[in-house]
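Using the sequences and the hints given, assemble the complete structure.
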Amino acid sequence: MIGLARTFLRLASLQASWTYERMQGIGIAVAMEPLLVPLAENPDRASAARARSAQYFNAHPFLAGAAVGALARAELDGEPGERILRLRTALSGPLGALGDQLFWAGVVPAAMGLAMLGVTQGYGLGVIALTVLGYNALRIAVTAWGLRIGLAHGIRVAHAISESWLPRAAPRAGDVAAVLIGAAVPMVAAWLLRGSGEPVRASVLVVAGAAALGVLTMRRPLSAPALTVGAAALTLLWRWSAA
Amino acid sequence: MTEFPLAALLIWGTVVGLDLASMLQGLFNRPLVAGAVAGVILNDPMAGLRIGLALELFALDVLPVGASRYPDYGAATVAAVAFGAGQAWTAALGPAVLLGLVLAHFGGLTIVLHRRVTAWALARAEAALDRGAPGIAPKIHLAGVLADLIRSAALAAIGLLAAALLKHAPQLDVGTQRALAIVVVAGGFVAVIGGALRRAGSPRRMLWLAGGLALGVLGLGLR
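Residue numbers (the numbering used here), protein chains in the order written: chain A, 16 to 258; chain B, -6 to 216.
Worth double-checking, as some hints may not be accurate.
Which chain B residues face chain A? A few, computed with CB under 10 Å, are given here [stated by the list, open to error]:
#1 Leu56
#2 Ala60
#3 Asp123
#4 Asp141
#5 Thr169
#6 Met199
Derived DEER-like restraints, expressed as beta-carbon distance ranges [said to hold, decoys possible]:
#7 Gly19/B with Tyr71/A: 25 to 33 Å
#8 Trp253/A with Lys132/B: 52 to 60 Å
#9 Tyr71/A with Asp166/B: 55 to 63 Å
#10 Pro95/A with Pro127/B: 19 to 27 Å
#11 Gly108/A with Val167/B: 53 to 61 Å
#12 Trp253/A with Gly19/B: 40 to 48 Å
#13 Ser177/A with Pro127/B: 30 to 38 Å
#14 Asn36/B with Ala248/A: 29 to 37 Å
#15 Pro236/A with Val138/B: 29 to 37 Å
#16 Gly168/B with Leu24/A: 51 to 59 Å
#17 Val138/B with Arg98/A: 30 to 38 Å
#18 Asn36/B with Ala156/A: 33 to 41 Å
#19 Asp166/B with Ala156/A: 50 to 58 Å
#20 Ala248/A with Val167/B: 13 to 21 Å
From the derived model, a few chain A residues whose C-beta atoms are all more than 10 Å from chain B [unchecked claim]:
#21 Thr104
#22 Ile170
#23 Trp180
Because the hints were derived from the structure by calculation, they are not lab data. Just so you know, even glycine gets a beta-carbon here, dropped at the ideal spot from N, CA and C.
Set out below in structure tokens:
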């Protein structure tokens, strides 16, 4: 139980030792270490397990607990080393894709869309605090779920994940994010430009122009920050030459 | 520099830097969150919300996946709010967001540096790691945490220094301030709308986005 709690806490810093060579490999090894304590009685098995645990791995950090749990279970069950390495490779892609879809393209933009809407409606700091609390509760629950399902199913974890809520929830999170971001855009424009004289007109013009540019550059994305800095430099030049 | 509650901002800037990738990833690095707390520290919550919200539009276009390079908006937002707090928003919004954008991209370069430092520590311990020697992985990991702590603190310090210097620069005239505010807000919307459209991918998701946009416009019209 203490080992499980230590693994859970270590999963919070999974990416601190991220490198291009092994990506999250070292973080996975550090998180797995407390779960491999029972292997200490057999030093050769323990060394082999430690060496495997630090190999290349990359997945979404919030779902990596499922891999940590499954790989540790496979090591404790005495599965052949080659099979454990194959499991490691097999889990990397799907856990990355599902997590990116659920969190980076779904829950995070949805949470920020909701917070932005709340701010424009005058709920300011309260809505931000609630968003952060809710998001972290979900993030912790998903990490704990992943670790649990990995430890329970070991080498068959991929099947358990495919039968779970995760593959269905991931695309829906993106739909929710799309609605919330869409709704937030005009509200935020009006809120940011309030005080400029004609807020609604200015907002509509800015949003319409930006939307047109966004559509035009869909296939060939441009760097919005670079575009903004460039436009600001031109603005300064124009104002300076007109003075 | 004595104009800011420096220690509190430095600590907050470091915390949000660590939150980007190394620790928790609990939204503290998001510009809206980092900016709101910086605004509270500076006793100007509205400046924090406004500057944080404007930078959040740019951050929503970023997908921090795998080996991709991405900007670090956390400490950049703290510095931008440190610059903008206590000023009229029309005067502060444009320059503050521009400062935030430049610092965020500089922060992105420091992430690559952090990864290289960790890779250097990894290379020195590779043979021991492959032998399964005990205690090696935790040492490399700890080195990674410490390196990111130093990176985040340095980034926050550089950002706050830049904000303090910019605060003493000559004021722009009202027309230029307004023009810059419009430019940064428009740039933010190019980022958020372009990003949402690219991420939508399927026609079904586009419909959800369009539906949300319609709801927002309706809400705006009813106010």
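**Request:** Mind listing which of the numbered hints don't hold for this structure, in increasing order?
**Result:** Violated hints: none at all, because every hint is consistent with the structure.
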